[in-house]
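Residue numbers (the working numbering), protein chains in the order written: chain A, 1 to 219; chain B, 1001 to 1098.
Watch out, some of these pointers could steer you wrong.
Stated by the list, open to error - Which chain A residues face chain B? A few, computed with CB under 7 Å, are given here:
| hint | residue |
| --- | --- |
| 1 | 43 |
| 2 | 78 |
| 3 | 82 |
| 4 | 85 |
| 5 | 87 |
| 6 | 97 |
| 7 | 171 |
| 8 | 178 |
| 9 | 180 |
| 10 | 183 |
| 11 | 198 |
| 12 | 202 |
| 13 | 205 |
| 14 | 207 |
| 15 | 214 |
Simulated from the structure, these hints should not be mistaken for laboratory data. Please read all numbers here as calculations on a predicted model, not as lab measurements. Note that the Cβ used here is the ideal one computed from N, Cα and C, for glycine as well.
For reference, the chains in residue letters:
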Amino acid sequence: MVYNPNMEKRTNEEWLSALHAGGDRQAQALEDLRAIIRRGLPYAIAGRLDPNSPEAEALSEEITQETLMRVLEYLDTFEGRSQFTTWAHKISVRAALTELRRRRWREVPLPEMEMDEDGDPSHRELPDKQASPEVQMDRKDMMKRVNRIIMEELTEKQRSALMATMDGFPLEVAAQRLGMNRNALYKLLHDARLKLKKRLEKEGLTPLEVLSVFEQAGK
Amino acid sequence: MKFKQVIRRLFGSGQQKPASLQAGKSEKMQKMLKMLSNTRDVELSCDDVFAVLDQFTELAAQGEDVAKLMPLIKQHLDMCPDCRDEYKVLENIVRNVV
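Whole structure, please, built from the sequences with the hints as guidance.
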C-alpha cells in the first residue's frame, strides 16, 4: 500500500470508518496515518536525540508501529473532542517521550535523603558567597526545619519520590523504580505536598514565606 | 555482567548526566516550596489530563484562554513535568503539522 497525501484530509468520521473497515481501506488509512505520525515525531525527538542518527530513525519506526497498534486498540475511546490526527499524535508523543526518558535516566540511581553525623536530615551546602552570614544562618536553620518536617510527615516512599522529582527525575522513571505507575506516583506526591503544606501552616508558615528566606539577597 | 555493562560502569555511558542533578540543595528546596505553594486540595491525575490533552492543545493553539477554560488541566501541567513536556511537544506538532 502506497502513502496517498490526498487521503490525509479525512474528517474524524472518515478516519474512524476507514480504520474500522478492514481490507484495503483500512490498510490505506493506516499507511496515511503512519506518514502523519512520522511527521510529528521529530518534534518529540528534537533536543533529546540527534535527529539524523540511526538511533532516532529506529526509535521513530518503533514508536510509529506502537502508535498504530494503540490507535487500533483504543479506537472506540476516541470521543471526537479534537481532530483525529491530534489524538493519534498525542498517543505517539506519550510513547516517544516515555522511551526517551527511560533511555536518558536508565543509569541514574534514585537519590536518598542525606543524613548528617547526628542522624539529622542534612542541610549542608556550599555557602552562597553573595549572602551575608545572617542570611546564610537563616537559610541553614530553615533548611533544617523543613527537612525535619519532611522526615516527620512523609513516608519513606513519599520522601524518595519527592527527592527524585526535586532532582528532575521524570515521574514515569521514578514511578517505575518505586514499583508503581505514573498516575499512582502523582497521587502519592500530591498527598505528600498536602501534608507538608498543612504542617507548615500549623507552624504558622506559608511556603512563600519559607521561600523568601532562600530568595533574599545577602546584605 | 556483559562487556558493555562493565565498560559503562567503569567509564560511564558517554551520555551527559541530566543537568537537573547538578542543582544545589537550596535550589531544590526553592523548587519544592514553589510546588507546595501551588498545591491544591483537589488535583487531576496524569490519566485525567492525558484524556483531554488533545482537546486542550488544540484550544491553546487556537488562542483560547485555556487557563480560564480548563484551570485544573493548566494547574496539573504546571505541577507535572512529564505531562508538561508532552503538552509542549504536542502543541508544537499541532501548530506545525496538524
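**Prompt:** Looking at the structure, which of the earlier hints fail to hold?
**Reply:** When the structure is compared with the hints, numbers 2, 8, 9, 11, 12 and 13 turn out to be violated.
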